[in-house]
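With chain A held as given, fit chain B onto it using these hints.
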Amino acid sequence: DTEVTQTPKHLVMGMTNKKSLKCEQHMGHRAMYWYKQKAKKPPELMFVYSYEKLSINESVPSRFSPECPNSSLLNLHLHALQPEDSALYLCASSQLEYTEAFFGQGTRLTVV
Amino acid sequence: AQSVTQLGSHVSVSEGALVLLRCNYSSSVPPYLFWYVQYPNQGLQLLLKYTSAATLVKGINGFEAEFKKSETSFHLTKPSAHMSDAAEYFCAVGEAGTALIFGKGTTLSVSS
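As you go down the protein sequences, you meet chains A and B in turn. Be aware that the first sequence starts at 1, since it is given in this note's numbering, and climbs by one per residue. Be aware that the second sequence starts at 1001, since it is given in this note's numbering, and climbs by one per residue.
Please note that the accuracy of each hint is not assured.
[Said to hold, decoys possible] Each computed DMTMM-like pair below joins lysine to aspartate or glutamate, with the alpha-carbon atoms no more than 20 Å apart: (1) Lys1069(B) / Glu1088(B); (2) Lys38(A) / Glu1088(B); (3) Lys1058(B) / Glu100(A); (4) Lys1049(B) / Glu100(A); (5) Lys1104(B) / Glu44(A); (6) Lys36(A) / Glu24(A); (7) Lys40(A) / Asp1085(B); (8) Lys40(A) / Glu1088(B); (9) Lys41(A) / Glu1066(B); (10) Lys53(A) / Glu1095(B); (11) Lys1104(B) / Glu24(A); (12) Lys1049(B) / Glu3(A).
[To be verified] Derived list of chain A stretches under chain B, where covered just means 3 residues or more per stretch with a C-beta under 8 Å from a C-beta of chain B: (13) 31-45; (14) 68-79.
Bear in mind the hints are in silico, worked out from the structure with no lab data behind them. Because the structure is a prediction, the values reported are computed rather than measured. Even for Gly, the Cβ is constructed at its ideal location relative to N, Cα and C.
Next comes chain B alone, as it looks inside the complex:
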């Protein structure tokens, strides 16, 4: 069965610093991979998705992620953090026949 591991339940960065949120998946076939962001008391918003096209995927709000098959990873990055990036981030994996499976989430804090 598919699984998703997000390393680090809480990541803290300074405004302007690099953001790196880690996600590893387990799959015997190339999956569909997603990053979602959730602000307090709101639903999940899709940041970006990997669907076996380009390995470097650009998303909204300046985020991007790179699919690395050899490392079974799909880490999320942003060159320069903004205060408004503070939120909960979820990595998810999709495979034929099942609904999306979510990681446990990473809380991103941004300090000024």
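Bound conformation, chain A alone:
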């Protein structure tokens, strides 16, 4: 099984809402990632959980906060987002940070 499952597939939220994106993998991978992708652009790394250690892209605003309840699950908590945060949010996992990453289908987020 090389599947990374993301829920929900689509999300529309207001700027005052709080919502969470969920990601799950059962490949035994020890690294999981959140990426943000705008149209016609490459994925932009937001967060990495690797062997229970969190690494943050310093440019990511604090209205995004990751949570890793266990090695198979990765959440992304959203609070007070802005319209420019509308994008495709991708979760991925890999055995090691530099080995092949397996991606979920993404959550299409629209902030209104």
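Chain B alone, transformed into the frame defined by chain A:
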């Protein structure tokens, strides 16, 4: 730091023609190299990977890539394009201690 350059943001071919998507990397040590494909509103799917074994790597859907250390290149080819190959293609490089670094992507269009 590692970087990846994809030459040509948009490549157009006719159905049945050769597909050539270019990727150059910068690295002082042999890296791990990957090609991913992304269809609209979907996640990234791994096409193939180079991990210092054979320099000619075969992937899914008839694609292959050749690692050329002297040229620091990892170009993606397919002998005969199909309409279903139309998508966004990303080259990525992995090196110990960092998450994958993606190129800016190449949009492949296939006309009948």
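Do the hints match the structure? See the list:
Restraint check for Lys1069(B) and Glu1088(B): the C-alpha separation of about 25 Å exceeds 20 Å, so the hint is violated. Only pairs whose Cα atoms come within 20 Å are accepted, and Lys38(A) paired with Glu1088(B) is accepted, the gap being roughly 13 Å. Our distance criterion of 20 Å between C-alpha atoms is met by Lys1058(B) and Glu100(A), whose separation comes to about 15 Å. Between the alpha carbons of Lys1049(B) and Glu100(A) the distance comes to roughly 7 Å, so the proposed pair stays at or under 20 Å and holds.
The straight-line distance between the Cα atoms of Lys1104(B) and Glu44(A) is roughly 10 Å, inside the 20 Å bound, and the hint therefore holds. Straight-line distance between C-alpha atoms of Lys36(A) and Glu24(A) comes to about 17 Å, which keeps the hinted pair within the 20 Å bound. For the suggested pair Lys40(A) and Asp1085(B), the alpha carbons sit about 17 Å apart, so the restraint of at most 20 Å is met. A C-alpha spacing of about 8 Å is found between Lys40(A) and Glu1088(B), which places the hinted pair at or below 20 Å, so the restraint holds.
For the suggested pair Lys41(A) and Glu1066(B), the alpha carbons sit about 25 Å apart, so the restraint of at most 20 Å is broken. Distance restraint check for Lys53(A) and Glu1095(B): the Cα-Cα separation of roughly 18 Å lies within the 20 Å cut-off, and the hinted pair is therefore satisfied. With a C-alpha separation of about 27 Å, the suggested pair Lys1104(B) and Glu24(A) falls outside the 20 Å cut-off, and the hint is violated. At most 20 Å may separate the alpha-carbon atoms for a hinted pair to count; Lys1049(B) and Glu3(A) meet this at roughly 18 Å.
Coverage of the stretch 31-45 of chain A by chain B holds [criterion: at least 3 residues with CB-CB distance below 8 Å; count 7]. Note: the stretch 68-79 of chain A has 0 residues with beta-carbon separation from chain B under 8 Å; the three-residue rule is not met and the coverage is violated.
Comparing the model with each numbered hint stated earlier shows that hints 1, 9, 11, 14 do not hold.
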